[in-house]
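Using the sequences plus the hints, can you model the full thing?
One letter stands for each residue in the lines below.
Protein chains: 2
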Amino acid sequence: MLIVKKFGGSSVANADRVRHVAGLIAEDVEKGHRVIAVLSAQGDTTDELIAKAHEISANPSKRELDMLISTGEQQSVALMSMALHEMGYKAISLNAFQVGMHTTRVYGNSRLKRIDSERINVELDRGNVVLVTGFQGVNRYEDYTTLGRGGSDTTAVAIAAAMHADRCQIFTDVEGVYTADPRIVKNARKLKEISYDEMLELASQGAKVLHNRSVEMAKRYNVVLEVLSSMTRAEGTLVKEETQVERLLITGIAVDKNVARVSLIGLADVPGRAFRVFDLLSRNNINVDIILQSIGREGTKDISFTISRDDMEATRTLLEANKEQLGAQEIQLSDQFAKISIVGAGMISNPGVASKMFEALYNAGVNIHMISTSEIKISVLIAQRNVELAMEAIHDRFNMAGSI
Amino acid sequence: MLIVKKFGGSSVANADRVRHVAGLIAEDVEKGHRVIAVLSAQGDTTDELIAKAHEISANPSKRELDMLISTGEQQSVALMSMALHEMGYKAISLNAFQVGMHTTRVYGNSRLKRIDSERINVELDRGNVVLVTGFQGVNRYEDYTTLGRGGSDTTAVAIAAAMHADRCQIFTDVEGVYTADPRIVKNARKLKEISYDEMLELASQGAKVLHNRSVEMAKRYNVVLEVLSSMTRAEGTLVKEETQVERLLITGIAVDKNVARVSLIGLADVPGRAFRVFDLLSRNNINVDIILQSIGREGTKDISFTISRDDMEATRTLLEANKEQLGAQEIQLSDQFAKISIVGAGMISNPGVASKMFEALYNAGVNIHMISTSEIKISVLIAQRNVELAMEAIHDRFNMAGSI
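Residue numbers (this note's numbering), protein chains in the order written: chain U, -14 to 389; chain F, -14 to 389.
Hints listed in this document are in silico derivations from the structure and should not be mistaken for laboratory results.
Source: prediction; values computed, not measured.
Hints are not guaranteed to be accurate.
Just so you know, same-sequence chains aren't split out, so a pair can sit in one copy or run between any two.
[What the hints assert, rightly or not] Capping the alpha-carbon separation at 25 Å, the derived lysine to aspartate or glutamate pairs in DMTMM-like fashion look like this:
{"hint": "1", "residue 1": "Lys98", "residue 2": "Glu127"}
{"hint": "2", "residue 1": "Lys75", "residue 2": "Asp151"}
{"hint": "3", "residue 1": "Lys37", "residue 2": "Glu71"}
{"hint": "4", "residue 1": "Lys75", "residue 2": "Glu40"}
{"hint": "5", "residue 1": "Lys75", "residue 2": "Glu127"}
{"hint": "6", "residue 1": "Lys47", "residue 2": "Glu71"}
{"hint": "7", "residue 1": "Lys308", "residue 2": "Asp254"}
{"hint": "8", "residue 1": "Lys47", "residue 2": "Asp1"}
{"hint": "9", "residue 1": "Lys47", "residue 2": "Glu103"}
{"hint": "10", "residue 1": "Lys47", "residue 2": "Asp110"}
{"hint": "11", "residue 1": "Lys204", "residue 2": "Glu360"}
{"hint": "12", "residue 1": "Lys171", "residue 2": "Glu373"}
{"hint": "13", "residue 1": "Lys242", "residue 2": "Asp29"}
{"hint": "14", "residue 1": "Lys98", "residue 2": "Asp182"}
In C-alpha cells:
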C-alpha cells in the first residue's frame, strides 16, 4: 500500500516530536507499506522567519518572503530523514525543486499545477521513505512559491492524487472532525466520516481542521482523506465522496468569529446603489459574505453585510472616503458578531431544518441578525457573547451527540 | 564594471548588519556598477542547524546535513534582497538550484564543477543586484551539496571567473592580509598585495583570512581578489599573479596551533618501517605534515611527525593497536607544539633566509624541534608557549613592519 502522511508544524516542533513522528512512519514501513510524508516547518519557524523579514521591511517582496520561509519545511524534512536513519530506516528528503512541485506564478498564495512523480518513484523504488516539503512549490521562473494557509494539506493531497496513493492521512492536533468544536460544546461527537461538500462548508465556516483548498483538491481527484491525531491512537475521520445510506441530517456546527458587520444606513432607494457599494469593495479585494438589504425610512434603504474582521479598518476607510458618492447617511461597523453555521448533506431533502435551528435559537433567547443558506448549509449571524449558548442549543436540538 | 562581493556570516548576522551591507552594495550600484553578492548564513545559523541535527543523530547523513544547513544561506540572500528593495534598489536572491551551481557528487565537502551564467545574466540585465547563496551547490542527483570550510569564498571566486567579473571582493572581519597576525605581533603590517602562491602557503599555514580552495581557484582562473573589511573603509589587500618588481623577501608569518607531534621511539633500523607507519596512517585518512627521522640507540631509529590535533586521539588508538606490528618500543604524542611558517616568493633566490630565521629564534631563546621547507616557505615546530616570542623575533629580524 502507498500511504501519504502529512504532519503539521506542532507535530514536528522539536527533536522529541520528530522522533515520535518517525516512529509513526516506521510502523507503516514495518507493515510493508511505502510511505511519503509531507511535513510543515517546525513549530513557530515560519512566524519567526516572517518576523525576521519584518525587521528589515514592513512590506517585504512576496517573492523574497517565499524564498525565505520555504527554508522552514526543508529543515523539517532533513531532520525527519536523519531521525529515520537513526532508527535504521532508509529515508530521503526532497524539496519543491527536487520533487518538481509546479505551481502558478503568484507568490504567497500559489496553486499547485503539476507534480512530477519521477524522483519520488525512484526513491520509493530504492526502498526510501520519501519526505517532502509541504506548503511550497516552484513556479515557471524557477522561483519558490508558497501555497498560503493550510498549504501543506494541499501538498499532501496533490501528492496522493499524483502518485495514486491508497491513503492520505492528515495528522492534526485534534482526533478528527467533530459535530462541533469540543472546546465549546462538551458533548460534541467525533464523526466517522464526512463528505467532501460537508467538509468544505465546515471548513469555510470556520472549522480549522482542514483547509478548503485541500478538500477541494481531494474532491476533484477523489482522494479519500483520513483526519487523525499524531498524539493518540484514536481512529480519525474519513473525508470522502458521500454515501447516501450514511447521509446525516446535520453533520456539524461551525463557528466563525472572524466576522464584522457593516451597515450603510439611509441610501437613496434608487437602482444601482447596491451595485456601487459591492463593486467598490470588490475592486479593493474585500470579500463580502452575508448580505441583507432592508427598506429604511422615507424612501431610503439600508444595506448590511459581513466581511472578514481583518478587512474592517480597510473597509471603514474606503467607505468613509466614498460616503458622499455612495449617498449613505450613516456607516456603521461592528465586530461584536459571530457566524454560526450548520452543515449537512441531509438538508437538501429536509426543508424543516432551518426552522428547527431558528426555533432552537429562539428558545435559547438568541437573537438572529442575518441569515444565509446554501444547499447543505445554514448560517446565522448572532451576537458574539451568545456563541456558546447557541452552539449548545443547536447541538442538543439536532441530537448531534446521539448515534447516527 | 561587474563586481562580485562576498560577505561572511558575521557581516550579515542581524538586521542592522544586513542593512549595512546593503548600503555597501548600493554604493556600487550608484556608481553604475553591476553587482553580484555572495552571502554566507547569518551569524551562528549553520552551527545552530548542525546542533539541531546532532539532537537527532550523532552522525547524521551528510546528504541530509547539506539539505539542512543549505537553508542558512538561502535565508541570508532573501533578507538582503528585502533590505535592498527597502532602500529603493532592484535585487533578487538566487540559491544553488536557481543559479545552476553544479558540484561534484560528494556531500559536506564538494567541489564546484560548473556555474550556469544564464539566470544571473538575465537578472543583471533586468537591473537587479543578484544575491547568490554561498557555500552550496547542487550535484548530478539534484541534491544540495556544501563546499566545506571557506566555501562561500570559493563560490564568489567561481562566479567571478564564470561571469568574467572585473573585481572579486572578499569582505572579512579583518582589513586585509597582514605580515603576521596583528593580535600577536603588534607592528604587523597590512600588505598591499600578495601573490596567489604566497597566499596559498599562508592560508595552509594557518592564516584564517582566505581559504586555500578559493585561492587555488582564483589562481587557476586568474581572478584578482581583494580582501577587505566590511566594517571600515580602509584599502584591502590584492591577491594576484606575482609581479617580479614587487617581490618581497618575506611576505608574512603564519602560525598553526592545530598540530600534534607523534614520536615512535626505538623502531628496528630495517628498511620498510617508515613505509609501514605512513601507509597505516594514510589508509586511515590521517594526514601527516612534517616528518623527522633520526637514528636512535642500539641499531634502532626514531620517527617523529606532525598531524592535525583533531586526529590525535584516532592516531593514538591506531598506533597503540599496531604497536607490536610496527615494532615500536614507545609511542609519544604531544599537543604542546605550534608550527610557525614564513612565506615569501623572494626566498627562491635568497638562500640565506632559513639561517636568518633560525638565528632570530636562537637569539630569542626559542628551540626548534622540526623543520620543513618548500620553495617559498619555511616552517618550524616550536613549543606552543614560545609562539608570540618567536613571531615577534622573526617579524623584527626581517624588518617586516618597515617599508617594502
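Consistency of the hints with the structure:
no.	hint	in the structure
1	Lys98 / Glu127	both (14 Å within a copy, 21 Å between copies)
2	Lys75 / Asp151	within (21 Å within a copy, 47 Å between copies)
3	Lys37 / Glu71	between (32 Å within a copy, 14 Å between copies)
4	Lys75 / Glu40	between (40 Å within a copy, 19 Å between copies)
5	Lys75 / Glu127	between (29 Å within a copy, 19 Å between copies)
6	Lys47 / Glu71	between (37 Å within a copy, 13 Å between copies)
7	Lys308 / Asp254	within (15 Å within a copy, 104 Å between copies)
8	Lys47 / Asp1	between (33 Å within a copy, 21 Å between copies)
9	Lys47 / Glu103	between (30 Å within a copy, 23 Å between copies)
10	Lys47 / Asp110	between (37 Å within a copy, 21 Å between copies)
11	Lys204 / Glu360	within (17 Å within a copy, 74 Å between copies)
12	Lys171 / Glu373	within (10 Å within a copy, 75 Å between copies)
13	Lys242 / Asp29	within (23 Å within a copy, 42 Å between copies)
14	Lys98 / Asp182	within (22 Å within a copy, 53 Å between copies)
The structure is consistent with each of the numbered hints, conforming to all of them.
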